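Colleague: Given next are the chains, with one letter for each unit.
Number of protein chains: 2
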Amino acid sequence: MSTTASPAPGAGSRPGGRSARVRAAVHLAVRELVADDPGEPLTIPVLAARAGVHATTVYRRWGTVGELLADVATSRFSGDIVVPDTGSLRGDLERYASDLAKDLCDPDTLALVRATIGIGGEQGAAACRGERQQQLEAILERERARGGQPPTLERTTDAVLAPLYYRAVFTDDPLTPEWTRTLVSHLLPD
Amino acid sequence: MSTTASPAPGAGSRPGGRSARVRAAVHLAVRELVADDPGEPLTIPVLAARAGVHATTVYRRWGTVGELLADVATSRFSGDIVVPDTGSLRGDLERYASDLAKDLCDPDTLALVRATIGIGGEQGAAACRGERQQQLEAILERERARGGQPPTLERTTDAVLAPLYYRAVFTDDPLTPEWTRTLVSHLLPD
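Chains as they are written, first to last, in UniProt numbering: chain A, 1 to 190; chain B, 1 to 190.
Since the hints were derived computationally from the structure, they do not count as laboratory data. Be aware that one or more of the hints could be misleading.
One copy or any two copies: either way a pair holds, since identical chains are not told apart in the list.
Derived SDA-like pairs: lysine to any residue, alpha-carbon spacing no greater than 25 Å straight-line [unchecked claim]:
{"hint": "1", "residue 1": "K102", "residue 2": "S75"}
{"hint": "2", "residue 1": "K102", "residue 2": "R155"}
{"hint": "3", "residue 1": "K102", "residue 2": "P189"}
{"hint": "4", "residue 1": "K102", "residue 2": "V82"}
{"hint": "5", "residue 1": "K102", "residue 2": "W179"}
{"hint": "6", "residue 1": "K102", "residue 2": "G79"}
Since the structure is predicted, the reported quantities are computational estimates derived from the model, not experimental observations.
Just chain A, same shape as in the assembly (with noise of 0.2 Å):
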């Protein structure tokens, strides 16, 4: 995991500068804290003190925790993970799903995706889920435009992305290659 923020452009009341570096501040103290002590409550005064600024910038700027979390995953899982293009949609399907296996198994993400679920409500499932669909999709859109008939958005999801944020989220079982292959050789039968 990175541990300096890039400010998202424009996301803030004035680009870069004081607004930008706020936020990097406090993005990198929400994953500090989740990282460190996963048990601990998340408090808008704690993460201020360990950001280095007033509890009142964070609440005027993010309102709650929740949005606070939500907003720390959106930019965490975005781009984060890049379409592959293998040539074909089982090459495709198995180089994304070992990308997102090995995503979900680092502990530090593993440990933001469950705080964002726990405080972040539909808000933070959302920012957890991320691109996830769309990037799905475009695996699949390839697949068609190569004249393929591949398999509903629905069924990919249920048949992959499920399993993955299921074993990782859900278990301590490991996210193994041989695994994360056998759930595309599910899906796609020979």
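Keeping the supplied structure of chain A fixed, place chain B upon it in accordance with the hints.
Modeller: Quick look at chain B alone, frame taken from chain A:
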């Protein structure tokens, strides 16, 4: 969701009496606070005040909010779903998936799962899985006793449990009866 938590035998230092009443009051406070305001950070002082007990009592008994949430989730997700016996593997899995979908659709249940995942770490995750693996294994074992050759527990988890949890926790798509039947039919093609 039932609003009276029944004390588990032997859960406290003294059976029944004050110890059981404290446990019931604290469990109820957790379930109410999680359901009412999932975006608010849960802290032991807030929980204790809601339950009408001293914070030191909660610290002494549960240690952390994470352990407390895992205890509440374990109690909530134990014995909540009866393993069905419909006479066929397909029937058993369809009934089980439908019962679990109904359970996960309950907003209070979903709030408890999310909160427990968020702050309970591995222990919380295990509490949310509850007896699901054993329940599925019982369904598969019954099929073997009928002389059938059911899929493995891992495959059944990936195909049925994982999409139910993923859809409930990470999306706002509905867990419809048609969709839960589809999960089983992909696992057990005709």
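Colleague: Are the hints correct? Go through all of them and say.
Modeller: To see whether the hints hold, each was checked on the structure:
1. K102 to S75: within (18 Å within a copy, 33 Å between copies)
2. K102 to R155: The answer is both: 22 Å in one copy and 21 Å across copies each meet 25 Å.
3. K102 to P189: within (24 Å within a copy, 31 Å between copies)
4. K102 to V82: Within one copy only: 13 Å inside, 36 Å across.
5. K102 to W179: Answer is within; shortest intra-copy Cα gap is 12 Å, inter-copy 29 Å.
6. K102 to G79: Answer is within: at 15 Å inside a copy they meet the 25 Å cutoff, but 35 Å across does not.
In this structure, none of the earlier numbered hints is contradicted; all agree with it.
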